[in-house]
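Undergrad: If you want the building blocks of each chain, they are given just below.
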Amino acid sequence: GEEVAQTPKHLVRGEGQKAKLYCAPIKGHSYVFWYQQVLKNEFKFLISFQNENVFDETGMPKERFSAKCLPNSPCSLEIQATKLEDSAVYFCASSLYPSQETQYFGPGTRLLVL
Amino acid sequence: QQQVKQSPQSLIVQKGGISIINCAYENTAFDYFPWYQQFPGKGPALLIAIRPDVSEKKEGRFTISFNKSAKQFSLHIMDSQPGDSATYFCAAQGGYGNKLVFGAGTILRVKS
Numbered sequence: 736g737e738e739v740a741q742t743p744k745h746l747v748r749g750e751g752q753k754a755k756l757y758c759a760p761i762k763g764h765s766y767v768f769w770y771q772q773v774l775k776n777e778f779k780f781l782i783s784f785q786n787e788n789v790f791d792e793t794g795m796p797k798e799r800f801s802a803k804c805l806p807n808s809p810c811s812l813e814i815q816a817t818k819l820e821d822s823a824v825y826f827c828a829s830s831l832y833p834s835q836e837t838q839y840f841g842p843g844t845r846l847l848v849l
Numbered sequence: 696q697q698q699v700k701q702s703p704q705s706l707i708v709q710k711g712g713i714s715i716i717n718c719a720y721e722n723t724a725f726d727y728f729p730w731y732q733q734f735p736g737k738g739p740a741l742l743i744a745i746r747p748d749v750s751e752k753k754e755g756r757f758t759i760s761f762n763k764s765a766k767q768f769s770l771h772i773m774d775s776q777p778g779d780s781a782t783y784f785c786a787a788q789g790g791y792g793n794k795l796v797f798g799a800g801t802i803l804r805v806k807s
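Chains U and C, in that order, are what the protein sequence lines are.
All residue numbers for the first sequence refer to the numbering used here, where the first residue is 736 and numbers rise by one.
All residue numbers for the second sequence refer to the numbering used here, where the first residue is 696 and numbers rise by one.
Bound-form chain U, shown alone:
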C-alpha cells in the first residue's frame, strides 16, 4: 500500500500480559524501523529490519521485547510480560533505502499497561 499500516490502534493490557503489535510497511520498502514514543514526546529507537533480517537491534530491551518481519506477513513487535513503563505509542516506519532517505511513519499503536 501507499501508507504504513499499524494495528491495533489501541491496546490495553494488564501488567504481566503479552502485547503484540503489527506493522505493514509501504509496498516495495525494504527497511522497517520501530520507535517508542513515551509521555514527554521522546522517541526511542527499538529495532530495524532489512526485509526479514534484523538490521539494527541496539535499542531493544531483549529480555521482554522481540520482533519479526517474515515474508508476505506484517512485521510484528511483541512484548512478553508487559510492565507499566511499556505504556507508550509504538510507531513503525518504513523506507526504500537505509540512509539519507525519508522514513514514512504509520499512525502508531497506543499501548496502555494497567
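Rather than coming from a laboratory, the hints here were simulated on the basis of the structure.
There may be inaccurate statements among the hints.
[To be verified] Capping the alpha-carbon separation at 20 Å, the derived lysine-lysine pairs in PhoX-like fashion look like this: (1) 700/C - 763/C; (2) 763/C - 752/C; (3) 737/C - 779/U; (4) 775/U - 700/C; (5) 744/U - 737/C; (6) 797/U - 753/U; (7) 700/C - 779/U; (8) 775/U - 818/U; (9) 803/U - 753/U; (10) 818/U - 753/U; (11) 803/U - 755/U; (12) 775/U - 737/C; (13) 779/U - 755/U.
Let chain U serve as the given structure and place chain C on it in line with the hints.
TA: Same frame as chain U, but now just chain C:
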C-alpha cells in the same frame, strides 16, 4: 545521552509571523537531517529534509538552514498559520544502523 538538542520546548507565534526552531547535534556521522510535524494522535509526517552538502533548503513556507561547522540546523516557518499548530521534531540520521535520532520536540501554537 541526548545526541540532538532542540529548542525551544514550546513556541507561541501570531498568525503571519515567523516560527523558528533550532537544533544542534554532536555526532559527526550524521548525514541526513529531516524535520517532522506531528499532530495529536497521529504519526510524525516528514516536512522537509536536508543533507549536509547544502546550507539552505526551501519548500514553500518552510526553510531549513544548516551550519555544518557549528553542527546546528534550524526550521523557519514563514507566514505561520493556525493550521501549523503542531509538535515539530528535528531528527538526524547516519552512522551505524541509520536509525533516526530525534530532538525532544517543540510544541508550536499559532494564534489567529
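Undergrad: Now look at each hint and say whether the structure bears it out.
TA: Hints and how they fare:
1. Pair hint residue 700/C plus residue 763/C holds up; C-alpha atoms about 15 Å apart against a cutoff of 20 Å.
2. With a C-alpha separation of about 14 Å, the suggested pairing of residue 763/C with residue 752/C holds against the 20 Å cut-off.
3. Of the pairs offered as hints, the one joining residue 737/C and residue 779/U holds, with about 17 Å between alpha carbons and a cut-off of 20 Å not exceeded.
4. Note on residue 775/U and residue 700/C: the hinted pairing holds, with a Cα-Cα distance of about 15 Å set against a maximum of 20 Å.
5. Of the pairs offered as hints, the one joining residue 744/U and residue 737/C holds, with about 11 Å between alpha carbons and a cut-off of 20 Å not exceeded.
6. At most 20 Å may separate the alpha-carbon atoms for a hinted pair to count; residue 797/U and residue 753/U meet this at roughly 15 Å.
7. About 14 Å separates the Cα atoms of residue 700/C and residue 779/U, which keeps this hinted pair within 20 Å; it holds.
8. Between residue 775/U and residue 818/U, the direct Cα distance comes to roughly 18 Å. Compliance with the 20 Å bound is thereby established for this hinted pair.
9. Restraint check: the Cα-Cα separation between residue 803/U and residue 753/U comes to about 16 Å, which is no more than 20 Å; the hinted pair holds.
10. Among the hinted pairs, residue 818/U with residue 753/U is consistent with the structure: their alpha-carbon atoms are about 10 Å apart, no more than 20 Å.
11. The suggested pairing of residue 803/U with residue 755/U holds, with an alpha-carbon distance near 11 Å, which does not exceed 20 Å.
12. Taking the CA atoms of residue 775/U and residue 737/C, the gap is about 15 Å. The hint holds against a cut of 20 Å.
13. For the hint linking residue 779/U to residue 755/U, the alpha-carbon distance of about 18 Å falls within 20 Å, and the restraint holds.
In this structure, every one of the numbered hints holds.
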